[in-house]
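As given, the protein sequences belong to chains A, B, C and D, one line each in that order.
Residue 148 in our numbering sits at position 145 of the first sequence, and the numbers go up by one each step.
Residue 76 in our numbering sits at position 73 of the second sequence, and the numbers go up by one each step.
Residue 76 in our numbering sits at position 73 of the third sequence, and the numbers go up by one each step.
Residue 234 in our numbering sits at position 231 of the fourth sequence, and the numbers go up by one each step.
In case anyone wonders, no lab produced these hints; they're calculated from the structure.
We put the beta carbon where it would ideally sit given N, CA and C, even for glycine.
Any given hint could be a false lead.
Said to hold, decoys possible - The calculated lysine-lysine pairs, modelled on DSSO-like cross-linking and capped at a C-alpha distance of 30 Å, are:
1. A:Lys7 - C:Lys25
2. B:Lys7 - D:Lys25
3. B:Lys25 - D:Lys7
4. A:Lys25 - C:Lys7
5. B:Lys25 - D:Lys114
6. C:Lys7 - C:Lys87
7. A:Lys25 - C:Lys87
Unchecked claim - Under 10 Å between C-beta atoms, here's a sample of chain D residues computed to sit facing chain C:
8. Arg22
9. Gly144
10. Thr152
11. His276
Said to hold, decoys possible - Which residues of chain A face chain B? A few of them, derived with a C-beta cut under 8 Å, are:
12. Val54
13. Met100
14. Asn104
15. Ala198
16. Gly223
17. Arg224
18. Ser229
19. Ser231
20. Ala235
21. Ser299
22. Thr301
Number of protein chains: 4
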Amino acid sequence: MTLKFGLLGCGRIGQVHARSIKALDGATVVAVADALPEAANALAEATGAEVRGVDAILAASDIDAVVIGTPTDSHFDQILGAAKAGKAIFCEKPVDMSVDNIRACVDVVEKAGVTFLTGFNRRFDPNFASLRARIRDGAIGAVELVTITSRDPAPPPVSYIARSGGLFRDMMIHDFDMARFLMGEEFVRLHAVGAALVDPAIGEAGDVDTAAVILTTASGRICQISNSRRAAYGYDQRIEVHGALGMLRAENQLETTVELATDAGFRRDPAQHFFLQRYEAAYLAEMRAFVEAVTSGTQADPGLMDGLQAQILADAATHSRETGLPVDLPAA
Amino acid sequence: MTLKFGLLGCGRIGQVHARSIKALDGATVVAVADALPEAANALAEATGAEVRGVDAILAASDIDAVVIGTPTDSHFDQILGAAKAGKAIFCEKPVDMSVDNIRACVDVVEKAGVTFLTGFNRRFDPNFASLRARIRDGAIGAVELVTITSRDPAPPPVSYIARSGGLFRDMMIHDFDMARFLMGEEFVRLHAVGAALVDPAIGEAGDVDTAAVILTTASGRICQISNSRRAAYGYDQRIEVHGALGMLRAENQLETTVELATDAGFRRDPAQHFFLQRYEAAYLAEMRAFVEAVTSGTQADPGLMDGLQAQILADAATHSRETGLPVDLPAA
Amino acid sequence: MTLKFGLLGCGRIGQVHARSIKALDGATVVAVADALPEAANALAEATGAEVRGVDAILAASDIDAVVIGTPTDSHFDQILGAAKAGKAIFCEKPVDMSVDNIRACVDVVEKAGVTFLTGFNRRFDPNFASLRARIRDGAIGAVELVTITSRDPAPPPVSYIARSGGLFRDMMIHDFDMARFLMGEEFVRLHAVGAALVDPAIGEAGDVDTAAVILTTASGRICQISNSRRAAYGYDQRIEVHGALGMLRAENQLETTVELATDAGFRRDPAQHFFLQRYEAAYLAEMRAFVEAVTSGTQADPGLMDGLQAQILADAATHSRETGLPVDLPAA
Amino acid sequence: MTLKFGLLGCGRIGQVHARSIKALDGATVVAVADALPEAANALAEATGAEVRGVDAILAASDIDAVVIGTPTDSHFDQILGAAKAGKAIFCEKPVDMSVDNIRACVDVVEKAGVTFLTGFNRRFDPNFASLRARIRDGAIGAVELVTITSRDPAPPPVSYIARSGGLFRDMMIHDFDMARFLMGEEFVRLHAVGAALVDPAIGEAGDVDTAAVILTTASGRICQISNSRRAAYGYDQRIEVHGALGMLRAENQLETTVELATDAGFRRDPAQHFFLQRYEAAYLAEMRAFVEAVTSGTQADPGLMDGLQAQILADAATHSRETGLPVDLPAA
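Turn these sequences into a full structure, and let the hints steer you where they fit.
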């Protein structure tokens, strides 16, 4: 059986997912849609798919699953439409900027009984996935302290930041999901700090570019997250988990394994700079997991509830940073 | 000229300092004192010094400087006595459990004009000192985010913990000093969390064994500190500083440089377990710095104000952890 | 323009190259051939190509280039046939077990003027390619000493070894090519030693499983190569080049970036075990280079002369090991 | 009981050993001798010892052991004199430039029954000693291939090289001893190559500055050694041992554990440059081992036979390099 896909959104991330589908056995792109005709045409040509409208894709009988890679404010309608049409849904993060909207989606998706995967691609990174598997296998005993470091090579344009929902919703949301993924216990309280240290214009736009958050669980376990919009040495993505029996950490992926030794010392390459390169294997594994979930009729992981929980944490961190006070987290 | 020392306290740390003095040119131990006669006798024999009482040492005309390595509750009287006697003072941390007492010492020591060094030995670790020197040399531009990880191999006895003043005053105080040392700007606000995850008996004794703190400066810079009383892989002492131009980090010192590769992978040694081994070079450098400061008539660094500031942070963290709320820090 | 390929040989390596061609823009597999019909059929289905006979492929007007991935003793005839038919040739290593045969191919291929690439895939490994580019850029000044370590996870069956031409021709030939690639000056003398330390049956089959070679150039530069047929920790592929200004080295690619710290120390993953995984990126880059060379009408690198030189070195090492004496190398 | 030392030779290495003796319990320097009165006086003052002549030290009833740190051509007479006087002997490497002379010493020392330690300090380096202990403990099974890399930061003056006996006797002799130490089986054949690549003046003085040697044992085990008189990145001292179950390697000791990450990548410090710094711990452990051997009346390790064997290998390598041919090694 071949899973037949309709792609909503043919931008950078849509192209990534199209490439993954093409590389997988048992999956094919049937149709693509985009508000920009030239984007849709280009991806159609590259994949051998047809260009259709979003509604046509949702209504099509020859399409089993949709990938939602459109702008965030289109997600809500497309999720509801796809769920009602009984199509499996692969939705990019964030699911929606409004927690209420996501809750509404949860109802509809659950009723429809369709497979839903929220695109937290980092869970599928081979390094992070391996680290988490070893936690589950007991390699370090009970988890006590999770430390997540996430730094972008350079900030996006301030115009993007201004409409991004802010660092906690736009960037740290990945780390909130990772924190939940690793901790295995929900967080009950959170305290966030942040400032615009990289670029004052980011501060003027109402956002921060450097931030740190402490989260705690009911049993007292702790997670530290720090973010920066700038890292001269590449895309800095590290995880460290400390437990009763030891520590697991995942280091950066450097551009090569080459080391140069001179009178200045021993120098290795910068970290891979570009997120599509850094997470290339993750994007492919993510799509494979989705295809397998749909094909086997099981729920996908991370699902819609994970998208909801991460958004709740991002909202709380935004609020905590603004008020300077910790926030007690609501149950999902 | 040879600097003539009187040692107050002949326990483990007193012995360390005696060894450092012996190894340095231009310094000698003239007399030692301890409440336990056998401890005093043993160190006297090892150093070739006399055993005297504390008061005799403070009054002695053949002694230029004292090392205060007695229990913390003796520090206050000994500092005042030594300052009034015009002796240079090397005092172990914490200076005193009471911020008010330390403030009182500041007055007396300043009036006396004697050299005072607070024994934050980690500043003198060659790795950390080098890291900080590179910050000052501009290697990473303006500091934005400091991350300090400090984990002991195993918790001390609960009986010790019960009278230790708690993790923030007993253990994290080193990290508070390191944070100030690295950041170069005073902190204005702090939020601490913690729990007894290693041993419930520590919780029953009113303390935590796992903790994390976020500190911020007036300009928005951030410091994260995390502590655990247990680390299976040795004495975990790491620093990471992120700045405008890059990152500096100091890794653990492992027992050897040997790596074993088998079908289980590539394995290096645990971190050096014992703090006296890990900080052996630091203790010697610390004493050398003190001798140089006294000999040249300059102030020592870290001084008494650094001892005060660290204690203020430790008190604030203790309070924050208990109340669950951030604390605005008073000026020193 | 699309380069149209005929694949001779549909075994493991033929499948790798088929996958690479499929992944590249501007290249397509038109036909495949294999002595085993089921192998040919399977690869035809996977690529959408036709099954044809070798002669039909060589004679076909709709085929521009052939990939020769058949058993080594078929290479000679297929190279001559393809060259005479004016087809570009991508030939797996070793080109032929007989240096005389390779010399005969050189004549024919040069006369035909077709592009020829010898499949020394390791030159295209991103790490090794980067290391070599830095040598050329002067990062370490003049090269003085090259050290190549190459160890397989486990020996092949003795039945394979018995007809393999021996370790120097079957395994170390890659390292001979790498040595030439890195050194940039031909070798003039060689001394080889070896023994069957891994498995006595390999010795009984007339071969060695552990070997070391020293090569020197006319100007006195030195290369050390060591091989083992067994490495418990994975596929061990390292290079180190020492020059006037410093050293470059390429380390192994480990399975993940994860490190586990326990009371046993700090443990990273084994090296990637399987050569197809380890050199996945290299195989793709190699095919890309071939397509670009053919398309632009330039010579490919490594070419047929590189295949010849490596075979000369492998023969000399085999002889040196047998006689226990160094061998002066003939000019190519 | 305190072991009473006479020091013959008060140069750089004599001072190192004096410092070690001073730092050890149960050992003291009674007298020192040097052809230069000011050198003897300085070390006498630093240690609290007397200045005496060599003969007076050898004849002294208040001296138990001598450290021979004089120029190599004085060793022979001093060894014979000390042995006949019944004194334990700590002799710097090389024992003597003449294998026959060393053989003569063996006879005399064995007859005298005195403890003799040959100063191959690297065996006592904590890293190398630990690596070897793990081999003995079976961590990697049977040893198959030993690789030793040894590079000095910069060549000594050509005037020194001219009277040094050549690179194999002056520098690689340490590595020959290390090879024997690690392999645990004597070598039977050796092939050496070398050239003056660092400085042509070294070649004009009849020596090489870059060299590689392959050694084999009767059972076919292999050792590769490479040396260079220049390494821009510090004192490069590495060992790698490959065995049936895996690999052990000892990496360089860097100046600090600090890493700097910038847009140029991740940079660690150079290797420790100065051999006295790099082997500080080894020198102390070496003297401790000697004191313990003398005190307990056991033989020291490495003994005089180890000095002999290393010299035989160095002679053979010198000869092999000159003739271009392998050398079969005589039994000791």
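Okay, the hints, checked on the actual structure:
The straight-line distance between the Cα atoms of Lys7 of chain A and Lys25 of chain C is roughly 21 Å, inside the 30 Å bound, and the hint therefore holds. A C-alpha spacing of about 21 Å is found between Lys7 of chain B and Lys25 of chain D, which places the hinted pair at or below 30 Å, so the restraint holds. Between Lys25 of chain B and Lys7 of chain D the CA atoms are separated by roughly 21 Å; this keeps the pair inside 30 Å, and the hint holds. For a cut-off of 30 Å, the pair hint linking Lys25 of chain A to Lys7 of chain C stands: about 21 Å separates their Cα positions.
Between Lys25 of chain B and Lys114 of chain D the alpha-carbon distance is near 42 Å, which puts this suggested pair outside the 30 Å criterion. Distance hint between Lys7 of chain C and Lys87 of chain C is fulfilled; the C-alpha atoms sit about 17 Å from each other, no more than 30 Å. Restraint check: the Cα-Cα separation between Lys25 of chain A and Lys87 of chain C comes to about 38 Å, which exceeds 30 Å; the hinted pair is violated. Interface hint status for Arg22 of chain D: violated, as the beta-carbon distance to the closest one in chain C is roughly 32 Å, over 10 Å.
For Gly144 of chain D, the interface hint holds, the least distance from its beta-carbon to any beta-carbon of chain C being 9 Å, beneath 10 Å. At a threshold of 10 Å, the smallest CB-CB gap from Thr152 of chain D to chain C is about 8 Å, leaving the interface hint in force. Violation of the interface hint for His276 of chain D is found here, the shortest Cβ-Cβ separation to chain C being roughly 14 Å, above the 10 Å cut-off. Taking 8 Å as the C-beta contact cut-off toward chain B, the hint placing Val54 of chain A at the interface is violated, the least distance being around 45 Å.
Checking Met100 of chain A against chain B: minimum C-beta separation of about 25 Å lies over 8 Å; hint violated. Using the Cβ-Cβ criterion of 8 Å, the hint placing Asn104 of chain A at the interface with chain B is not satisfied: the shortest such distance is roughly 31 Å. Checking Ala198 of chain A against chain B by beta carbon gives a least distance of about 3 Å; that is within 8 Å, so the hint holds. Proximity of Gly223 of chain A to chain B holds as hinted, the smallest CB-CB distance being about 3 Å (cut-off 8 Å).
Because the smallest distance between the Cβ of Arg224 of chain A and any Cβ of chain B comes to about 7 Å, under 8 Å, the interface hint for this residue holds. Look at Ser229 of chain A: its Cβ gets to within about 6 Å of chain B, closer than 8 Å, so that hint holds up. The beta carbon of Ser231 of chain A is positioned within 8 Å of a beta carbon in chain B (closest approach about 6 Å), and the interface hint is therefore held. Because the closest C-beta pair between Ala235 of chain A and chain B is about 4 Å apart, less than 8 Å, the hint holds.
The interface hint given for Ser299 of chain A is broken, as the beta carbon of that residue sits about 32 Å from the closest beta carbon of chain B, more than 8 Å. A hinted interface residue such as Thr301 of chain A counts as satisfied when its beta carbon comes closer than 8 Å to some beta carbon of chain B; here the least separation is about 32 Å, so the hint is violated.
Going through the hint list in order, the structure does not satisfy hints 5, 7, 8, 11, 12, 13, 14, 21, 22.
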